[in-house]
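When the letters of the sequence shown are read in order and numbered with my numbering, they come out as residues 1 to 236.
Because the hints were derived from the structure by calculation, they are not lab data. Mixed in with the good hints, there may be bad ones.
[What the hints assert, rightly or not] With a straight-line cut-off of 25 Å between C-alpha atoms, the simulated DMTMM-like cross-links for lysine to aspartate or glutamate are:
| no. | residue 1 | residue 2 |
| --- | --- | --- |
| 1 | Lys173 | Asp226 |
| 2 | Lys173 | Glu97 |
| 3 | Lys14 | Glu112 |
| 4 | Lys14 | Glu187 |
| 5 | Lys173 | Asp157 |
| 6 | Lys173 | Asp206 |
| 7 | Lys14 | Glu168 |
| 8 | Lys173 | Asp184 |
| 9 | Lys14 | Glu171 |
| 10 | Lys173 | Asp159 |
| 11 | Lys14 | Glu200 |
| 12 | Lys173 | Glu141 |
| 13 | Lys173 | Glu160 |
| 14 | Lys14 | Glu174 |
| 15 | Lys173 | Glu118 |
| 16 | Lys14 | Glu141 |
| 17 | Lys14 | Asp226 |
Note that this is a predicted model, so its numbers are computed, not measured.
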Amino acid sequence: MGATGDAAVFSLRKTLPVPHGGALVFNGRRGYQLPALARPALGPTLRGLWARLLLRGEFRLPNQGRLLRGLGEWFSRHFRTGRRPEWARQFAREQLELGASPLVQRIARAHELARVVERRRRNFFHLLGALRGVTPPLVSELPSGVCPLHYPLWVPDQDEALACLRAENVEAKEGWRSFHPRCDGAEFPDAARLRQHVLELPCHQDLGPAHVAHVARAALRALSRDRTRRSRAAEG
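Based on the provided sequences and hints, a complete structural model is requested.
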């Protein structure tokens with residue numbers, strides 16, 4: 001599996017505005033056929049899609065952004081469509097036979113994928129240029145063709161920075177802060193520090209230059225507030 005293996009697996013919902021779906025991509029020719037997969041139920045697909053649209057709508061309608069985000073988060077919790085830690089998800093064998101719904105396939109095929117990659121890379125480099133002088137970047141370059149999921153921002157206090165960003169209508173995320181219960185985090189101190197200090201800033205294709213500039217300014221203000229607070233605390 002992977003870029004140099006026989007096949008690679010991609011999660012569509014991490015890049016496209018769909019509630020589920022994956023892609024199995026083969027390197028080169030394959031001499032066999034894959035079995036046909038059953039369609040998932042329409043109800044969960046529509047609920048998941050609606051929740052994602054609500055969460056994404058805050059930038060399109062900034063005056064109603066907090067209301068949309070709150071409604072989207074309530075919808076996700078109520079119908080269990082939101083993100084949960086990977087280890088908290090139950091593996092259901094009956095879902096092994098499910099493929100992507102026709103609605104998800106239509107949405108995915110309607111996108112110009114090269115354009116999606118181009119816009120995500122542009123937004124990533126915009127944030128990199130705006131923030132690298134304030135906090136050292138964890139990733140300073142993207143290999144050709146790489147489509148970034150988000151911009152990783154190192155912050156001293158994850159909770160405070162996240163609260164500041166969300167107060168300014170920025171859909172920042174904390175990622176996976178906790179380890180799997182069967183994994184001893186003490187054995188991986190570098191990974192533990194990343195989990196405690198890295199936030200995910202949005203750089204997805206729905207954001208235009210003005211939106212990304214707002215994300216950058218909000219991040220700079222969050223970092224500035226943290227430095228001011230720490231300076232005052234040090235002065236006693």
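Is the straight-line distance between the alpha-carbon of Lys14 and that of Glu200 25 Å or less?
Holds, at roughly 13 Å.
Taken at face value, is the distance from the CA of Glu160 to the CA of Lys173 at most 25 Å?
Distance ~12 Å between Lys173 and Glu160 Cα, so the pair holds.
For Lys173 and Asp159, compute the direct alpha-carbon distance and say whether it is at most 25 Å.
holds, 10 Å
Distance restraint between Lys14 and Glu168, which requires alpha-carbon spacing of 25 Å or less:
Distance of about 23 Å is within 25 Å: holds.
Distance restraint between Lys173 and Asp226, which requires alpha-carbon spacing of 25 Å or less
holds, 18 Å
Please work out if Lys173 and Asp184 have their alpha carbons no farther apart than 25 Å.
The given pair, whose Cα atoms are some 23 Å apart, holds under the 25 Å limit.
Taken at face value, is the distance from the CA of Glu112 to the CA of Lys14 at most 25 Å?
holds, 16 Å
Regarding the pair Lys173 and Glu141, is the alpha-carbon distance no greater than 25 Å?
Since the Cα atoms of Lys173 and Glu141 sit roughly 22 Å apart, the hinted pair holds (cutoff 25 Å).
CA of Lys173 to CA of Asp157, is that 25 Å or under?
Holds, at about 13 Å.
Take a quick look at whether Lys173 and Glu118 sit within 25 Å of each other, Cα to Cα.
holds, 22 Å
Can you confirm whether the C-alpha distance between Lys14 and Asp226 stays at or below 25 Å?
With Cα atoms ~30 Å apart, Lys14 and Asp226 exceed 25 Å; violated.
For the pair we were handed, Lys173 and Asp206, check the Cα-Cα distance against 25 Å.
At roughly 17 Å apart (the allowed maximum being 25 Å), Asp206 and Lys173 satisfy the hint.
Against the hints set out earlier in the document, violations occur for numbers 2, 4 and 17.
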